[in-house]
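So the sequences go chain by chain: C and P. Numbering follows the numbering used here, in which position 225 of the first sequence is assigned residue number 225; successive positions increment by one, without gaps. To convert, count from 1 in the second sequence and add 332; that's the numbering used here.
Worth flagging that the hints you see were computed from the coordinates, not collected in a lab. Check each hint, because a few of them may be wrong.
Said to hold, decoys possible - Just a sample of chain C residues kept apart from chain P, beta carbon distances all over 10 angstroms, derived:
1) Ala66
2) Ile118
3) His124
4) Asp179
5) Gly193
6) Ala230
7) Ile252
8) Arg273
As the list claims (entries may be wrong) - Residues from chain C that face chain P, not an exhaustive set, calculated with beta carbons under 7 angstroms:
9) Asp25
10) Phe29
11) Ile53
12) Asn54
13) Gly57
14) Ala61
15) Val63
16) Gly64
17) Arg97
18) Arg99
19) Val135
20) Gly137
21) Tyr172
22) Ser283
Built from N, CA and C at the ideal position, the CB exists for glycine as well.
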Amino acid sequence: MIEAINEALDLMMARDPDVIVMGEDVGYFGGVFRATAGLQNKYGKNRVFDTPINECGIIGAAVGMAAYGLRPVPEIQFADYIYPGLDQLISEAARMRYRSAGDFTAPLTVRSPFGGGIFGGQTHSQSPEALFTHVAGLKTVIPSTPHDAKGLLIAAIEDDDPVIFFEPKRIYNGPFGGDYDAPSKTWKTHPGGKVPEGYYHIPLGKARMVREGSAMTVLVYGTMVHVAEAVLAAKGIDAEIIDLRTLVPLDIEAIETSVEKTGKCLVIHEATRTSGFGAELVSLVQERCFYHLEAPVERVTGFDTPYPHSLEWAYFPGPVRIGEAIDRLMSE
Amino acid sequence: MTADKPDGADPGPRAASVGQPRGNLPPLELYVPEPRYRPGDAVDYSHLEIPEAGAHSRPDETCPPVETRPLCDGLVRVLDEENRAVGAWDPGLDPDTLRRMLRVMALTRAFDDRMYRGQRQGKTSFYMKCTGEEAISVASAFALADDDMVFPSYRQQGVLIARGYPLVEMINQIYSNRADRLKGRQLPIMYSAKDHGFFSISGNLATQYPQAVGWAMASAIKGDTRIATSFIGEGSSAEGDFHAAMTFAAVYNAPVVLNVVNNQWAISSFSGFAGAERATFAARAVGYGVAGLRVDGNDALAVYAAMQWAANRARANAGPTLIEHFTYRAEGHSTSDDPSAYRSAQEREEWPLGDPVARLKAHLVALGEWDDERHAAMDLELAEQVKKATKEAEKNGILGHGLHHPFHTMFEDVFEDLPWHLEEQAEQAIRERRTKWPNWKEFSE
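Between the sequences and the hints, there should be enough to build the whole structure, so can you do that?
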């Protein structure tokens, strides 16, 4: 997935001279995850540069650059460290078009690795997407495959609205089925690992049908797409799995169509439970598909604790927790 | 919950659980700043060190930041006691320019007076004057090129007026009426005028500071010749965004002029709560490797000269400048504020740097280029100009009188396109309207 992100950045920088990449360690070094490797060498220090360790400054400067007319792609090294930039994102980037009635806009794409499953402890594992989906004016995008990462990142950079682009770092180098004892896989044999060369974009707001099925609808994104797929396959459930890809704007049609067909819905995310994005999904399904539901909507999430280090796999919403929810849904 | 106390019962005062004096060390003391004067106090500003006009030399505009250190603790002043322009910082402006500058400053004051009254008459919800600070925004605007981008706070209306933004547009925004370019979305005075190089004002303090630096960086990336400038109050300089902006400005040698308008007060908090008792605001500059200037903010010529110096420096790729404008907020913070509750009314009268409009007027009079009659006639003319603009804007409606932008516009511009959930909510808003007033119809423009 890292290579796909690098390709998307490379391609957009080549196509659009206004695209600028900035962030901590993104320049000469190429990023702590190698997402920006080679870009400074190719495009110069004026377009790919390291920044001071100051997330408020990174996002604030990007807002000013966007107001000038550039298309900045700032990186926040870990989503856990995006909080010092929140005022600039929430009060400024998200509201620029609205408060100025289109006089100024903020076409920036904030890339940030997110999610756990890597023994990252409290501050290298968080999934703060719900903080952003709650903000009017921000789009939130989370890819689950290299193919989608490239297409979605290209679309995000082209989009004239500010986009939060969360990259599930657990699956940077290969899919993860939730079994932490299993040997790690690469993207080579995965269908989502095939990344077309050149330009293509995946429209924001469109979900991906991972697997069609009739037993239940599974709403999921990021790393958990692969975990859900593996658990359901292992249990032999004919579920319809929908990778949301974009949380805002949300592909409500795909959700409604599927739940009306299956009559059951399972929502999975790694983020903490209370007021997580899952609550929004459950509400929407309840409001819009109520008369089609044959069972209460199930929600499998991380626990309402900070992300622990040693007990990571007890925290992670893995196969056991997901399996129990599936059993409850299937028994209705 | 213990059995003898019902839920919600007051458990009584809590005993201190931390902090015991130990050994023979003196107990530590917390220092909480306190302004010198409170309501009713007699005011004496003799402790303020006010250098004479012309006392400072003017370093080369491309000098290393450290050479500006003496200027960070001093005060650049051009107009002397006899209202003459003196010293190395005299920008040598011709009388026509001085008269135009005086006129814009007087117009800004006339505009403030009328808008303040308009708020008291219920025509709008809110207003903020810049009385006593007109020189800072107006003279700065005169020293900048028209296409330099200004990232203002809410007290630089003088920049808009100096750049010829129509007063009617400003009033439309203040009234949130159907002609308001911001469609009634923004609190009064939070203007946005890209075509006048005036960035969208945010309610969140100091956020515009790193944005101005980013804009300046973009200009440099593109090999442009335009520079950026930003204004914050001394109170907002305590925000983290100030540090971010100064660091980024220094690191990338950004072509930006960062201004701190030190008007002594942040609502009810005196400048000591932003650190003024320990160092000047200009003195923060050199520590970042940024040039610093501290100027008499009520001296239009000093403000002009400082902004011109800093703008030239930025344009020459010699780096950013931080300018502290030393001034006094002559009126309340806003129409929602009563300064008599926290400061002495005498402060304004005793302020040693006087009134910026009166001082520039006196300078022109001393030059033999102006007189009381012409000034009085100008004031009458400006009041009439503002009145006329007000009447014109009122035709488009005042707040709460029904002449506003169509309902649907509330949902537009959140994103470039309306997503499904906003379309649904827009329909809901209109449905609610019809439920309350069955015959309600959106007015047509």
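Tell me if Gly137 of chain C is really an interface residue toward chain P, meaning its C-beta lies closer than 7 angstroms to one of theirs.
holds (5 angstroms)
With d taken as the least Cβ-Cβ distance between Ala230 of chain C and chain P, does d exceed 10 angstroms?
holds (32 angstroms)
Reported absence of Arg273 of chain C from the contact zone with chain P (all CB gaps over 10 angstroms):
Its Cβ never comes within 10 angstroms of chain P, the nearest being 23 angstroms, so this holds.
In terms of Cβ atoms, is chain P entirely out of 10 angstroms range of Ala66 of chain C?
violated (8 angstroms)
Interface hint compliance - Gly64 of chain C to chain P, C-beta minimum distance less than 7 angstroms
holds (3 angstroms)
Minimum Cβ distance from Phe29 of chain C to chain P below 7 angstroms?
Check failed: Cβ of Phe29 of chain C comes no nearer than 17 angstroms to chain P, outside 7 angstroms.
According to the definition I'm using, a residue is off the interface if its beta carbon is farther than 10 angstroms from all beta carbons of the partner; does Ile118 of chain C meet that for chain P?
At about 29 angstroms from chain P, Ile118 of chain C clears the 10 angstroms cut-off, so the statement holds.
Double-check Val63 of chain C for me: the hint is only fine if its C-beta lies closer than 7 angstroms to a C-beta in chain P.
holds (5 angstroms)
Report holds if the minimum CB distance from Ile252 of chain C to chain P is greater than 10 angstroms, and violated otherwise.
Ile252 of chain C is in fact no farther than 10 angstroms from some Cβ atom of chain P, at 6 angstroms.
Interface hint compliance - Val135 of chain C to chain P, C-beta minimum distance less than 7 angstroms
Hint on Val135 of chain C: violated, closest Cβ of chain P at ~10 angstroms, above 7 angstroms.
So, Tyr172 of chain C near chain P? Judge it on the closest CB pair being under 7 angstroms.
It is violated, given that the least Cβ distance between Tyr172 of chain C and chain P is near 29 angstroms, above 7 angstroms.
Could you check if Gly57 of chain C really has its C-beta closer than 7 angstroms to a C-beta on chain P?
holds (3 angstroms)
The earlier numbered hints that this structure contradicts are 1, 7, 9, 10, 11, 19, 21, 22.
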